[in-house]
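**Q** Since the structure of chain Y is already known, use the hints to place chain V on it.
Here are the chains, one letter per residue:
Protein chains: 2
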Amino acid sequence: MQKPKYQLIVDFIKDKISKGEWTIGSRIPSQRHLAKMFDVNRSTVITALEELMADGLIEGKAGMGTIVTNNTWTLMGEQSSTNWNEKVTLGIHKPSISTVQEINEAESNHHLIQLSKGELSPEIFPLEEMRSILQKVSNQMTPFGYEEPKGNLKLRQAISDYLKNRGIDVSPSSILVVSGALQALHLISIGLLQRGSSVFLEVPSYLYSLTVFQSMGMELKGIPMDKKGIKVDSIYQTKGKGKSILYTIPTFHNPTGTLMQKNRREELLEYCKREQLPIIEDDVYRDLWIDTIPPEPLKSMDYYGSVLYIGSLSKTLSPGLRIGWVVGAESVINRLADLKMQSDYGSSTFSQLVAMEWLSSGLYDQHLETVREQLKVRRRTALEALNKHLSSYATWEVPTGGFFIWIKIKPAFKVKRLFDKALSKGLLLNPGSIYAEQSGQFIRLSFGFASINEIKVGIFQLSQIIKDVDD
Amino acid sequence: MQKPKYQLIVDFIKDKISKGEWTIGSRIPSQRHLAKMFDVNRSTVITALEELMADGLIEGKAGMGTIVTNNTWTLMGEQSSTNWNEKVTLGIHKPSISTVQEINEAESNHHLIQLSKGELSPEIFPLEEMRSILQKVSNQMTPFGYEEPKGNLKLRQAISDYLKNRGIDVSPSSILVVSGALQALHLISIGLLQRGSSVFLEVPSYLYSLTVFQSMGMELKGIPMDKKGIKVDSIYQTKGKGKSILYTIPTFHNPTGTLMQKNRREELLEYCKREQLPIIEDDVYRDLWIDTIPPEPLKSMDYYGSVLYIGSLSKTLSPGLRIGWVVGAESVINRLADLKMQSDYGSSTFSQLVAMEWLSSGLYDQHLETVREQLKVRRRTALEALNKHLSSYATWEVPTGGFFIWIKIKPAFKVKRLFDKALSKGLLLNPGSIYAEQSGQFIRLSFGFASINEIKVGIFQLSQIIKDVDD
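Sequences listed follow chains Y and V, in order.
For the first sequence, full-length UniProt numbering assigns the number 1 to the initial residue and increments by one for each residue that follows.
For the second sequence, full-length UniProt numbering assigns the number 1 to the initial residue and increments by one for each residue that follows.
Only chain Y is shown next, with the shape it has when bound in the complex (with noise of 0.2 Å):
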């Protein structure tokens, strides 16, 4: 005979209890989620509960949810377990915005219409050329152990010759692997800034959508930009020298696609020269533009050693990989190259073979050709449907490289709950608020992941969403 349905549910979440997985004081799954997960109705997954709650392993809380109670060995006399879960509010770091969080969960989600996702869809994806390198780092592989504490060398090696095409000169010495360009904030974070410092950087900004300084004891403090990027004369430091530091994405701005113009690169630099204001130059879109090649890096330009550069193959061949890089002066990087032993012993060694071949192989700049014939294409896609669905809605302005485009909803409209609502469609964006708390009335919305057709679709029903949400 089959067990009936609660029953189930009842075992699942005993089960879970008496395995110390779910501890006492932790929430359970709403009612909602488990009716989903088990396919019942929601009486069904009430009468389970109901049963649970009677002998004693949970409990209704006002305001918290279902909470687990008991154990079955608690239950059987004995104290209490230890409470992870007030230490799971008490860390140092801060846990990610909620939003954030959401955001991430839901990117895993494949039945969603992925506007949001800041990575390339996987038909852009090189596939063969992945197994064909895959095939010679397979065949070329000798034992390995532990890479050194700056990274495999020959990836340095092909790091600094490619760097060289971008304008940037400098030694492998100078260069530290990473697993991908958080891993280097992570790092500087904790390294390099002190407790109270400040952080200069654009408003909006992607970092805002991070905790990563914040958690650290470090300020944001966000400078206006205009088209031609960060408005240098806006920056002022109130705190003493060597308290400050500026975090720039110059090159396609996250999240507006803002391309800083030659002559405002120089004009801050200067400034952060006279100032002795250390840079974090963010330039992991620099390879994805789509009309002309961008201005030099402000790091081409570094003569002191001022500039933290950061680069990485999230963005133009796959986040997967886990594969960055910071350039910096030497002292620093063997200062950040200590902290990375310390956090993580360094990259994968399979990561670092294949980033050096498809770096030295000539290969990668072959697929960025091709990525860049796509994110034109899907461009042009992203834009038409925006002038044919929404121009009654939004603005915009047409981004010269990267896959984001910032767009501003007109005050007309009101925003609130549009991250909700197109979620319930099944329709995920990221809402301008995690880049800026005055961004309310904006959305990022990216080219780069979902198919051509899921664009078009994807804004139509973003226009359909704005109109229902202003009745």
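Treat the hints with caution; some may be incorrect.
Same chains, same label: a pair holds when it works inside one copy or across any pair of copies.
Listed below are the simulated DSBU-like cross-link pairs for lysine-lysine, each with C-alpha atoms no more than 30 Å apart in a straight line [claimed, not checked]: (1) K5 with K164; (2) K227 with K414; (3) K456 with K227; (4) K14 with K164.
Worth flagging that the hints you see were computed from the coordinates, not collected in a lab.
**A** Below, chain V alone, put in the same frame as chain Y:
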């Protein structure tokens, strides 16, 4: 005409300075180092440095070596550059202990006999199997991007199955994939503990050689061990409950090789349950048993979710994979997964796929049998050499698993500068002092990495050095 040799050195240093790789205030390499680097006499180096001093680019400072004082631009009358060097010493996270940094660097020197490395020999590396797995991964590969926050689901399923064989029954949702065990500790330190928390741990302990907890403001409290493991009756919580945690390596402890006995495990768990003291169980050496299967993990007897369990493939397969896992209460794992996303957006897809194939194909268990046979031979070699050459100078216990022998030099012999002397003779050892202040008379010898012959030669050399040091 060829440039004079000193000119090569001058050009090299000028280039480093003008590119900003060596910033103002940073120390240039020692004369000895430069002489070695360019394969010249010390006098040639001095000629070069004198020219650079005359140019005003560098300056000797008492007690600090030679410092960069200007660069070509500051000499032209422009303002001085950002002082990154100040920042290098300011950050929140502490640098590694200098001996540990030295060891990290020396470990990539292939000319040394490595009796220090806590990693398996290249001779034991399963190259053919690794190639066939890469082949499989390549064939099955589909376009990939970011992985799920907790790691690839198939890998977590494979880890769940693997753990079931070690007595731990948990579902994939309670498992977080990390880039090695150290990253797990890093995430715990920034995510679960408050500043001012106490971390109880065995003394000596591997953890003393790291700064991961101390950097975040936690205090290490060493608890003595006996042959059965940590002495539970010596744990004494002074702070309030919820402000402490216990870190232990119960199975083939690093550095002592001690195996915690079953009844000691029960006693420890019982104590920690009563005192509500959460446990971090670092179990990365479990699969390296040589004589008999070790007692089951603490986690297997943890019905309260109070044990956070850490495992890894680094010690048994290859650290280059950078794949480990943390297992614990789901709410804790969720929190750590969010922090992992904030530190590096997940581990390498390649590494995850390769690890998944190793575990799920059964090749991993086969490989472990080879490893155990090899370790048995290596242990025998090491013990024979120790008995032959070192028995007048030192004592040790025979480890029943792992690859460390914890050697106590008899009090009659001085060990000060033993590490440096050994290194200058081409022998790399880990001095006991990095694992506990009071372990100055110990050294940790690894028989896992060096070749059989190197083990013999290294131990003989060691005996000679102890004899000489004492002279």
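**Q** Hint by hint, note whether the structure agrees.
**A** Here's how the hints hold up against the structure:
| no. | hint | in the structure |
| --- | --- | --- |
| 1 | K5 with K164 | between (64 Å within a copy, 27 Å between copies) |
| 2 | K227 with K414 | within (26 Å within a copy, 69 Å between copies) |
| 3 | K456 with K227 | within (27 Å within a copy, 69 Å between copies) |
| 4 | K14 with K164 | between (60 Å within a copy, 19 Å between copies) |
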